[in-house]
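Engineer: Sequence:
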Amino acid sequence: MEYSKLLDLATDLGYNLAMNGAETFRVEESITRVLDAYGIESESFVIPNCMHISIEPVIGRPLTRMRRIGLHGNDLDAVEQFSNLSRRICQERPAPEIAAKWLEETKAHLRTYSFPWYLAGNFLGALGFALLFGGDLKDSLLAGLCGIIIGLISRWMERLGANQFFRTIAAALPMALVAYIANMFFPSVRSDAVVIGALMLLVPGLLFTNAMRDIIYGDTNSGINRIVQVLLIAVAIALGAAFAWNFTSLIWQHPPVTPPPVSYPFPSDCFVCKLLLECFACAIGCVGFAILFNIHGPGVFLCMLGGMLAWAVYAICLALGISEIGAYFWGAAIASAYSEVMARIRKYPAISYLVISIFPLIPGSGVYYTMQYAVKGEMELFASKGMVTAAIAGVMALGILLVSTCVRLWSNGRRLKKR
Numbered sequence: 559m560e561y562s563k564l565l566d567l568a569t570d571l572g573y574n575l576a577m578n579g580a581e582t583f584r585v586e587e588s589i590t591r592v593l594d595a596y597g598i599e600s601e602s603f604v605i606p607n608c609m610h611i612s613i614e615p616v617i618g619r620p621l622t623r624m625r626r627i628g629l630h631g632n633d634l635d636a637v638e639q640f641s642n643l644s645r646r647i648c649q650e651r652p653a654p655e656i657a658a659k660w661l662e663e664t665k666a667h668l669r670t671y672s673f674p675w676y677l678a679g680n681f682l683g684a685l686g687f688a689l690l691f692g693g694d695l696k697d698s699l700l701a702g703l704c705g706i707i708i709g710l711i712s713r714w715m716e717r718l719g720a721n722q723f724f725r726t727i728a729a730a731l732p733m734a735l736v737a738y739i740a741n742m743f744f745p746s747v748r749s750d751a752v753v754i755g756a757l758m759l760l761v762p763g764l765l766f767t768n769a770m771r772d773i774i775y776g777d778t779n780s781g782i783n784r785i786v787q788v789l790l791i792a793v794a795i796a797l798g799a800a801f802a803w804n805f806t807s808l809i810w811q812h813p814p815v816t817p818p819p820v821s822y823p824f825p826s827d828c829f830v831c832k833l834l835l836e837c838f839a840c841a842i843g844c845v846g847f848a849i850l851f852n853i854h855g856p857g858v859f860l861c862m863l864g865g866m867l868a869w870a871v872y873a874i875c876l877a878l879g880i881s882e883i884g885a886y887f888w889g890a891a892i893a894s895a896y897s898e899v900m901a902r903i904r905k906y907p908a909i910s911y912l913v914i915s916i917f918p919l920i921p922g923s924g925v926y927y928t929m930q931y932a933v934k935g936e937m938e939l940f941a942s943k944g945m946v947t948a949a950i951a952g953v954m955a956l957g958i959l960l961v962s963t964c965v966r967l968w969s970n971g972r973r974l975k976k977r
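Under my numbering, the first residue of the sequence shown carries the number 559, and numbering increases by one thereafter.
Worth double-checking, as some hints may not be accurate.
Calculated cross-link-like contacts (lysine-lysine; reagent style DSBU-like; alpha-carbon spacing at most 30 Å) [said to hold, decoys possible]: (1) Lys905 x Lys563; (2) Lys659 x Lys563; (3) Lys934 x Lys696.
No lab work stands behind these hints, which were simulated from the structure alone.
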């Protein structure tokens, strides 16, 4: 048996999963299952920036491979393809050379959206969430333009090799400047809705989701590492937008920091009409994010459906008198359950559906208003809004944790019964 080639195969497969945004447990599990399929005992240790795999051949010295993981991608289609390849290798157990050829073929046939489609994803994502968070048509279109600005700067910074913290500041600053300057010349523009919608493009939804799922599966080091990255990116978003706010404040007095009023083309007490409009906005935003995360085919529609379902559950819970925190919990729990069901129906990783489905619930507006209160020196409001935003993020994590843990226990129970 060619142990070295099999170890190289498992390492390359795990590396490609990690580089495209797979959870830590999925990377480790794929490596272990591939080597187990060939009767090789192995140990793998993966954290967000490094992976270490070792095996003990029956005869000979132990073999070890270590790979450094660079800046992570957000290519969920690639995660799906490499996960499918892992299952295929485990089922068919081909010769190492053939399996390595399959890996190269998979890499060569990965699908990616063109640059114009990438910009379209930024436009739709910002437009949809600006509409969801209180903007009208002109605000949403301006948010879409700001989303394109974010896309152009992010891609440019990425090519220059800038780190994610600096990329986030560089993208948030000019986007917010455009929104605030537009409000200077056109007072009817709701700059808050524009900025919130566009800033959703910078919110690290995949990092947050992966952190929760890593913690579920016992990869605490990786989970904490990702949470720290999430917090740093949130700080970068706040810094970029705050600088734009301060700069424009030197030449123009901003309006008070209050959520923008919502104006609907129907009676404001019509819950069903309001819910349908919000679900429509969610659908637009989720399609944009599906493009940005490189999801193709029916997956785009299913992700859109998941986002609409999560928001509908949240809105219905509020209408029934459930607290805002409770509504976020049930919305996140339903999004997680939906993702687990879709993953088993389509044989794809649950993360492909979960990361898009929970985006409408991510408290982007909370981060924005927390930053605004801090900039204006309103520290009581800053502390209050910051605590509410942190509570929302925590209760969403709890909803995801609860559902994913129950599903994992159920899967383990079924596996034990088959033995």
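Engineer: Indicate, hint by hint, whether the structure satisfies it.
Structural biologist: Verification of the hints:
1. Lys905 x Lys563: Roughly 28 Å separates the two Cα atoms, so the pair holds.
2. Lys659 x Lys563: Holds. Lys659 to Lys563 sits at ~12 Å (cutoff 30 Å).
3. Lys934 x Lys696: With a Cα-Cα distance of about 27 Å, the restraint between Lys934 and Lys696 holds, given a limit of 30 Å.
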